Amino acid sequence: EAQVTQNPRYLITVTGKKLTVTCSQNMNHEYMSWYRQDPGLGLRQIYYSMNVEVTDKGDVPEGYKVSRKEKRNFPLILESPSPNQTSLYFCASSLVGGPETQYFGPGTRLLVL
Amino acid sequence: QKEVEQNSGPLSVPEGAIASLNCTYSDRVSQSFFWYRQYSGKSPELIMSIYSNGDKEDGRFTAQLNKASQYVSLLIRDSQPSDSATYLCAVNRGWQAGTALIFGKGTTLSVSS
Numbered sequence: 115e116a117q118v119t120q121n122p123r124y125l126i127t128v129t130g131k132k133l134t135v136t137c138s139q140n141m142n143h144e145y146m147s148w149y150r151q152d153p154g155l156g157l158r159q160i161y162y163s164m165n166v167e168v169t170d171k172g173d174v175p176e177g178y179k180v181s182r183k184e185k186r187n188f189p190l191i192l193e194s195p196s197p198n199q200t201s202l203y204f205c206a207s208s209l210v211g212g213p214e215t216q217y218f219g220p221g222t223r224l225l226v227l
Numbered sequence: 062q063k064e065v066e067q068n069s070g071p072l073s074v075p076e077g078a079i080a081s082l083n084c085t086y087s088d089r090v091s092q093s094f095f096w097y098r099q100y101s102g103k104s105p106e107l108i109m110s111i112y113s114n115g116d117k118e119d120g121r122f123t124a125q126l127n128k129a130s131q132y133v134s135l136l137i138r139d140s141q142p143s144d145s146a147t148y149l150c151a152v153n154r155g156w157q158a159g160t161a162l163i164f165g166k167g168t169t170l171s172v173s174s
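One line per chain: the protein sequences are A and B, in this order. For the first sequence, my numbering begins at 115 and goes up steadily by one. For the second sequence, my numbering begins at 62 and goes up steadily by one.
Derived by calculation from the structure, the hints in this document are not laboratory data. Small disclaimer: the values here were computed from a predicted structure and weren't measured. For every residue, glycine included, the Cβ atom is placed at its ideal position computed from N, Cα and C. Please note that a few of the clues may not be correct.
What the hints assert, rightly or not - Some, not all, of what chain A presents toward chain B, calculated at C-beta under 8 angstroms:
| id | residue |
| --- | --- |
| 1 | LEU155 |
| 2 | PHE204 |
| 3 | PHE218 |
| 4 | GLY219 |
| 5 | PRO220 |
Stated by the list, open to error - If we take Cβ atoms under 10 angstroms as the criterion, some of the chain B residues that face chain A in the derived model are:
| id | residue |
| --- | --- |
| 6 | GLU106 |
| 7 | SER110 |
| 8 | LYS117 |
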């Protein structure tokens, strides 16, 4: 089954404690992206990657890091989480250059105390 | 000017009526346009894509695109309570399909039985 998986699905942490949210896709997609979704602000792109070892900032990259060492994985790293990073996070993937759109993971709900 | 704009709603329609959702975008070079449905706490789910001016029908859904006016709409015929959700308009940033989607903040639709 074609899918994007994220782990963990729910996470409560404290300010300053480093965390990683994993994202994996099994569709051999080149493009992967991270979004955060907040009430009244909609979906906003954090980082994206056009292929292995190629990453770039989206609209709200501050406080986040990413890496793309393998085509299927695109982890999101919060080195020192703060309460304003409490949000619902989605990973997505797609083919580059084709008409297909992005497939979304199930989401990770993060609470930073 | 915001890149993708939607009325936040809520848009309330009775069961069986036509729901009309509207979206405007600012980037004239955009080539790909999408409508996603998102239930509360769930990931966005693609329901329609449109790439050419005019109408595209899929079951009870019709997407309409007018590139000259930079306007995309979604019509839902015979609305059902299960259609109650937030509808996100998404537009490709630039010319490359399948990547860098920009989302509107979404319109909440409520269908009453």
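Structure-based check of each hint:
no.: 1; hint: LEU155; result: holds, 7 angstroms
no.: 2; hint: PHE204; result: holds, 6 angstroms
no.: 3; hint: PHE218; result: holds, 4 angstroms
no.: 4; hint: GLY219; result: holds, 6 angstroms
no.: 5; hint: PRO220; result: holds, 5 angstroms
no.: 6; hint: GLU106; result: holds, 8 angstroms
no.: 7; hint: SER110; result: holds, 6 angstroms
no.: 8; hint: LYS117; result: violated, 13 angstroms
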